[in-house]
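Novice: Using the sequences plus the hints, can you model the full thing?
The listed protein sequences derive, respectively, from chains A and B. Reading the first sequence from the start, the letters are residues 335 to 448 in the numbering used here. Reading the second sequence from the start, the letters are residues 8 to 117 in the numbering used here.
Source of the hints: derived by calculation from the structure; they are not laboratory data. It cannot be assumed that every hint is accurate.
Here are some chain A residues the structure puts well away from chain B; computed CB gaps all over 12 Å [what the hints assert, rightly or not]:
1. D393
2. Q431
3. T438
SDA-like mimics (lysine to any residue), calculated; alpha carbons at most 25 Å apart, straight line [to be verified]:
4. K57/B to D364/A
5. K405/A to M104/B
6. K405/A to N387/A
Don't be surprised by glycine CBs; every beta carbon is placed ideally from N, CA and C.
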Amino acid sequence: DGGITQSPKYLFRKEGQNVTLSCEQNLNHDAMYWYRQDPGQGLRLIYYSQIVNDFQKGDIAEGYSVSREKKESFPLTVTSAQKNPTAFYLCASSRKQVQNYGYTFGSGTRLTVV
Amino acid sequence: QQPVQSPQAVILREGEDAVINCSSSKALYSVHWYRQKHGEAPVFLMILLKGGEQKGHEKISASFNEKKQQSSLYLTASQLSYSGTYFCGTEGDAGNMLTFGGGTRLMVKP
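Specialist: Printed below as a string of structure tokens:
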């Protein structure tokens, strides 16, 4: 079955450490997205990519980095510059015409700073 | 700019109806609705394109008023399984990314 896989499900980060969240999809979707969700809050866009080797910053990109070397993969690195990284991170993908098909979301990664 | 959802939370008894609203200050190309259970991924419900159409999905339907830049989600004869947080996601002119509202937390009690 096609889908979008995020790993790990839970991740703990020490102060000053970089961590990378994985997102893989086998839906042949062109576009991929990273959103951050804080408790009781909506989803805020971190980065998105509509084509391989190209990506754009979202509303809260500071302290995060991404790469899109393959169509199937869109990893997110949370750097030490992100001062408050504890949150639920959701990856999503879509076809080019998102207005017709919508998003497919992964099951999320919960990141906690220890 | 983030769309505004109202109400922020609602509690229902099984069989009651609810309306969730989503309002934007910008012109919209499409409005998407998702439901999220606690700790899980949001699940797609429906998409509405500009043109004022109304869509239905079993007992859940939605409308989109393009002129008012508003969308409403209607849940009729609610079931326990309807509990969760509902998000609207809005798309500007074919921008191909969604901006989500703050969510509406819905609890259905027996």
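Novice: Does each hint fit the structure? Answer for all of them.
Specialist: Status of the hints after comparison with the structure:
The beta carbon of D393/A is not kept farther than 12 Å from every beta carbon of chain B, the shortest such distance being approximately 8 Å. For Q431/A, the non-interface assignment is contradicted: its Cβ lies about 8 Å from the closest Cβ of chain B, within the 12 Å cut-off. With a cut of 12 Å on Cβ distances, T438/A falls inside the contact zone with chain B, its closest approach being about 7 Å. Simply put, K57/B and D364/A have alpha-carbon atoms about 23 Å apart, close enough for the 25 Å limit, and the pair holds.
Restraint check: the Cα-Cα separation between K405/A and M104/B comes to about 17 Å, which is no more than 25 Å; the hinted pair holds. For the hint linking K405/A to N387/A, the alpha-carbon distance of about 9 Å falls within 25 Å, and the restraint holds.
In this structure, the hints that do not hold are numbers 1, 2, 3, in rising order.
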